[in-house]
Amino acid sequence: MSMQRQAQYRGAAFIQIVGFLVEPIVYLIVWRTVAAEAGDINGYGVDEFTAYYIVWTLVRVFNLALAPGAWDWWVSSGRITNDLVHPVDPYHRNIADFAGSKIIWILLWVPVAVFLAVLFRPGLSPSLFQVVMFFVAAWAGYVIRFNLLYLLGLMSFWTTRAQALVDMVVAMELLLSGRLVPMAVMPEWVQAISNWLPFKWTFQFPIEVVIGRLTTEEIWRGIGAQLIWIAITGVGYSVVWRRAIKQFTAVGT
Amino acid sequence: MPSVVVDRLTKTFKVPVREEGFVNSMKALVHREYRQVEAVKAVSFALEPGEVVGFLGPNGAGKTTTLKMLSGLLHPTAGDANVIGYRPWERDPEYLTRSALVMGNRNSLQWDLPVADSLDVRKAMYRIPDTDYRDRRARFTELLGVEDLLTKPVRNLSLGERMKVEILAALLPAPPVLFLDEPTLGLDLSMQKRIRSFVAEYAASEGATILLTSHYMADVTALCERVIVIHRGSILFDGGLAELGERFGGGKTISVTVAGTLPSLEAYGEVLEASAGKAVIEVAREDVASTAARLLADLDVQDLSIEDPPIEDVIERTFASGDEPDRSSEDAATS
Chain A
1 MSMQRQAQYR GAAFIQIVGF LVEPIVYLIV WRTVAAEAGD INGYGVDEFT AYYIVWTLVR
61 VFNLALAPGA WDWWVSSGRI TNDLVHPVDP YHRNIADFAG SKIIWILLWV PVAVFLAVLF
121 RPGLSPSLFQ VVMFFVAAWA GYVIRFNLLY LLGLMSFWTT RAQALVDMVV AMELLLSGRL
181 VPMAVMPEWV QAISNWLPFK WTFQFPIEVV IGRLTTEEIW RGIGAQLIWI AITGVGYSVV
241 WRRAIKQFTA VGT
Chain B
1 MPSVVVDRLT KTFKVPVREE GFVNSMKALV HREYRQVEAV KAVSFALEPG EVVGFLGPNG
61 AGKTTTLKML SGLLHPTAGD ANVIGYRPWE RDPEYLTRSA LVMGNRNSLQ WDLPVADSLD
121 VRKAMYRIPD TDYRDRRARF TELLGVEDLL TKPVRNLSLG ERMKVEILAA LLPAPPVLFL
181 DEPTLGLDLS MQKRIRSFVA EYAASEGATI LLTSHYMADV TALCERVIVI HRGSILFDGG
241 LAELGERFGG GKTISVTVAG TLPSLEAYGE VLEASAGKAV IEVAREDVAS TAARLLADLD
301 VQDLSIEDPP IEDVIERTFA SGDEPDRSSE DAATS
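Going down the list, the sequences are from chains A and B. Position 178, counted from 1, in the first sequence is what our numbering calls 178; the numbers after and before it change by one each time, with no gaps. Position 326, counted from 1, in the second sequence is what our numbering calls 326; the numbers after and before it change by one each time, with no gaps.
Same shape as in the complex, but just chain A (with noise of 0.2 Å):
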């Protein structure tokens, strides 16, 4: 039903896909700068550089979420209520949504990364091991990313301004997750607590399996944490919706 209802507005949804560019290719172009005139940073050269963040862009599709400011505007307008009335849970819902999205988006991807490819010459040549894993690690990282975003957007059910605390997060993520850099151009002690925290295993990981960054046992690990933060985020839904849904006071017309 998504797929059919992005494949209404195709337009919009290539013009939304052009926006995501933006912030990679300015990334891209700072790094590739850097890296020319001061070599090798931690194992990224220029090719590294280029490679990362054209895979960027994919997983940048890939990690589209239900943002946390929707809830407020669900929750507060009423709409919600005609979510709960149904027998599908909200959440399968939703995450089903934005997957089935998600196939509209890539194949919109596609001529974009072609164009990238052409521009910048990534030189990636990923072996089907490699691209296997990082569509498994991709949708992984996918799963995490909403179920954390779900969590924070559980807040609008006790308080309308959880904005606060979603920004908070949203700027943990931007630095640990490895979409504003890769981790390894961070200093020792950030990557450190990055391997905590769910936010590389959303962005960075998928891109290193793929650019070649990791070996197969650390790629079986990377996955292996993967699981184990899908359950913890996946528990903690679970318990915070039943509060949730105890909380709700249907408010909104």
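If you're looking for bench data, these hints aren't it; they were derived computationally from the structure. Each residue gets a CB set at the ideal place from its N, CA and C atoms; glycine is no exception. Treat the hints with care, since some could be wrong.
Unchecked claim - Computed from the model, here is a short list of chain B residues facing chain A with C-beta under 10 Å:
{"hint": "1", "residue": "G72"}
{"hint": "2", "residue": "L73"}
{"hint": "3", "residue": "Y95"}
{"hint": "4", "residue": "M103"}
To be verified - Some chain A residues near chain B, calculated using beta-carbon distances under 8 Å:
{"hint": "5", "residue": "M1"}
{"hint": "6", "residue": "R5"}
{"hint": "7", "residue": "P87"}
{"hint": "8", "residue": "K246"}
{"hint": "9", "residue": "T249"}
Dock chain B against the given chain A, drawing on the hints supplied.
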């Protein structure tokens, strides 16, 4: 066995309060005040399978809050309810499949996609067998007259068209319990009639239990033989429409047309309307026969009719009556 049993159901909301003004808003930074709002107070009633019951009350009476508890959207503060063997707020998926809440002027369908696609989603969501789905979709489509709408995106439908397809979608799973919250809100007369006749047909053919709220008395008189009146969270009345009229309707109205000039009719009853040659007076029920006889004897009557007051007036009087809550319905539900 009743399909819906409500036992002293209560819902209290904690609402922040603050006096107006800048100083008070600053005070609220450090000291928040709240008050408890009892939206529903120990409401009890029971509905038998196949009953269509009107649930009436002024704005803010607690109707929608009650429906939301019975449809599983809200947890009650106290009390209990059993709807077709389920406690609604436990949100058993089986219960959510077998009950439906339809709210007027609400859109739950896929906004950007044709109606038919939304119906297919409902089929999957509610796991409706293929044969049942095709049969009900065809039947309901014809009854509601929405054949031409199935290929249109929902966003392109008018309000009335949207309500019709919303009701169609809600009833596709053939829920045995249906909560209708102002289903004809904002619709024109012909749409209201269409939806009423569809609901009546559905109730009759499926034997569904329906609890209906509406501010349009035509909905109530067309569909319901029994009404429950709620006011300020408590039940004021639970019984037949006719009984409601007798208890709260005051008297009956006598419309009289006379030849020539109309004299003063104050001596016969309360004059509600008076114009050249025609008047409408209200008389106590027990005095109707004698007053009619006096009018016929005293005046040159050309036409005389006796009617119950409009149901809208009866409802208005019920709300304004300030009677003590009707306890008889609680006893009936718990016996």
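Hints, verified against the model:
1. Hint on G72 (chain B) holds. Least Cβ distance to chain A is approximately 7 Å, under the 10 Å limit.
2. Using the Cβ-Cβ criterion of 10 Å, the hint placing L73 (chain B) at the interface with chain A is satisfied: the shortest such distance is roughly 5 Å.
3. Using the Cβ-Cβ criterion of 10 Å, the hint placing Y95 (chain B) at the interface with chain A is satisfied: the shortest such distance is roughly 8 Å.
4. With 10 Å as the threshold, the beta carbon of M103 (chain B) comes within range of chain A, its nearest partner Cβ sitting at about 7 Å, so the hint holds.
5. Against a cut-off of 8 Å between C-beta atoms, the interface hint on M1 (chain A) holds, since the closest Cβ of chain B lies about 6 Å away.
6. Hint on R5 (chain A) holds. Least Cβ distance to chain B is approximately 5 Å, under the 8 Å limit.
7. Among the interface hints, the one on P87 (chain A) holds; its C-beta lies about 4 Å from the nearest C-beta in chain B, closer than the 8 Å criterion.
8. The interface hint given for K246 (chain A) is met, as the beta carbon of that residue sits about 5 Å from the closest beta carbon of chain B, less than 8 Å.
9. About 6 Å separates the beta-carbon of T249 (chain A) from the nearest beta-carbon of chain B, less than 8 Å, and the hint is met.
Violated hints are absent here; each numbered hint is respected by the structure.
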